[in-house]
Amino acid sequence: MRVEARKVNVSPTETSSTRREIEVEIPADEVSRETESLIQKYQKLARLPGFRRGHVPASIIRQRFAEDLKSDIVEALVPRYFRKEADKQGLIPVSQPRVTDLQLQENQPLRFKASFEVMPEVKVEGYKELRAEKPEVVVTDEEVEQSLNNLREQHATFTSVEDRTLAEGDYAQVSLDGQPKDGEGKPVHMDEILVEIGGKNTMPEFTEHLRGASAGDQRTFDVTYPQDSSDQRLAGKTFAYTVKVQSIKQKSLPQLNDQFATELGEFKNLEEVRQRIREGMEAERKHAAEHEAKDKLVAELVNRSGFEVPEALVERQIDVRLERGLRALAAQGMKAEDIKKMELNRLRVGQREQALQEAKASLLLDRIGEEEKIEVSDEEINREIEALAKQSKQLPEAIRARLTRDGALDRIRNRIRNEKTLDFLYRQSA
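Residue 47 in this note's numbering sits at position 47 of the sequence shown, and the numbers go up by one each step.
Per label pair, the in silico range of CB-to-CB distance:
hint, residue 1, residue 2, range
1, E162, E282, 43 to 49 Å
2, P187, E292, 39 to 45 Å
3, D231, K390, 28 to 34 Å
4, N269, H209, 42 to 48 Å
5, P135, A156, 33 to 39 Å
6, R327, L409, 18 to 24 Å
7, A387, D29, 52 to 58 Å
8, S252, R316, 52 to 58 Å
9, P187, P226, 19 to 25 Å
10, K44, Q391, 47 to 53 Å
The list that follows gives simulated cross-link-like pairs (lysine to aspartate or glutamate, EDC-like), each with its CA atoms no further than 20 Å apart:
hint, residue 1, residue 2
11, K251, E263
12, K113, D87
13, K294, E284
14, K251, E196
15, K128, E292
16, K420, E380
17, K84, E25
18, K44, D68
19, K296, D366
20, K244, D177
21, K294, E133
22, K237, E208
23, K286, E136
24, K268, D258
25, K41, E75
26, K84, E30
27, K244, E162
28, K128, E370
No lab work stands behind these hints: they were computed from the structure.
All residues carry an ideal CB built from backbone N, CA and C; glycine is no exception.
Produce the entire structure from the sequences given, and follow the hints as far as they go.
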């Protein structure tokens, strides 16, 4: 709770549809009781010269610890009476109150004002008339064959070739060291990697300088990478490489037959593999199309709504988005010290608009879920906990205890209900 012992002017945002201000008065006798209780605690703990512990007179406590007593009285009574007054007026705060005009004098009531945000009035009309696009999912024979060939490439074998030099289509097994020529960037070192001579993904300089080399040869040359290189460490830079050829290898692909099918798993023949590939691609495309259609439904819902979203909910959604993004960066190998150097305030500004849309969508789905009486069962919560436990390699009991302690179970329940509500909208939009 933020306490400001000063008077402030109420700005238009503080009198908006989501902001309320209440005045609270705590009776003088309640303030006195709390003061006496605190003085007794201070007497038990205070150590002052000339007094035995536990025998410091109340008058001395009042004098020596006046400011501390005031702070403790405020911390003890203001939150309690704020909640009581908010409940009395039927208000449900969604943000911490900002306390102003705090008045605390001896033998007088404690008075203060508290401004805070509340849930907006969310109206959901016409949502059953929403229509989603459901495009036909098609997988061609050519796409299936391409995927089958990719599987074949994954099961390729490489055999060493003796007594000749590297030629087009060969693979050079090499170790290499690369140094950035402009001094910027980190050196590159790799052992036992395969370089396809003339390959479509091979930098032309590697093909040019390694073609005709023998096992044991060492070559030195420069490579300039394009600005749009997929590896940002290399994009637009020139590296000086020293490459040693360890061996020459030829790639052998398995034949596309029923034997290859049995080696892939529980398949009787190649046609079963093709069928499984087709079904997988169809399911993936159906899922992607459904996801896109749901996004459009939510966007339409948001566009139709005109209510104001409490700033506290937007900030929480920004937190969620940032946490998700930073976890992804860490999973991709970004170091903790580099993450700490990121300008979080600038990132927060960049996330704001999307967070606002997501917060509004969540409120709308929550309201529709209430209208349609969509519930989340304990079994669904248990499945979510078991999935988290499996992902983090922890016991479900430990995950449940942590989520309960952090107050995250309700957030999970709300998320699942919103997902079920969106599924409802998608099905009824057919």
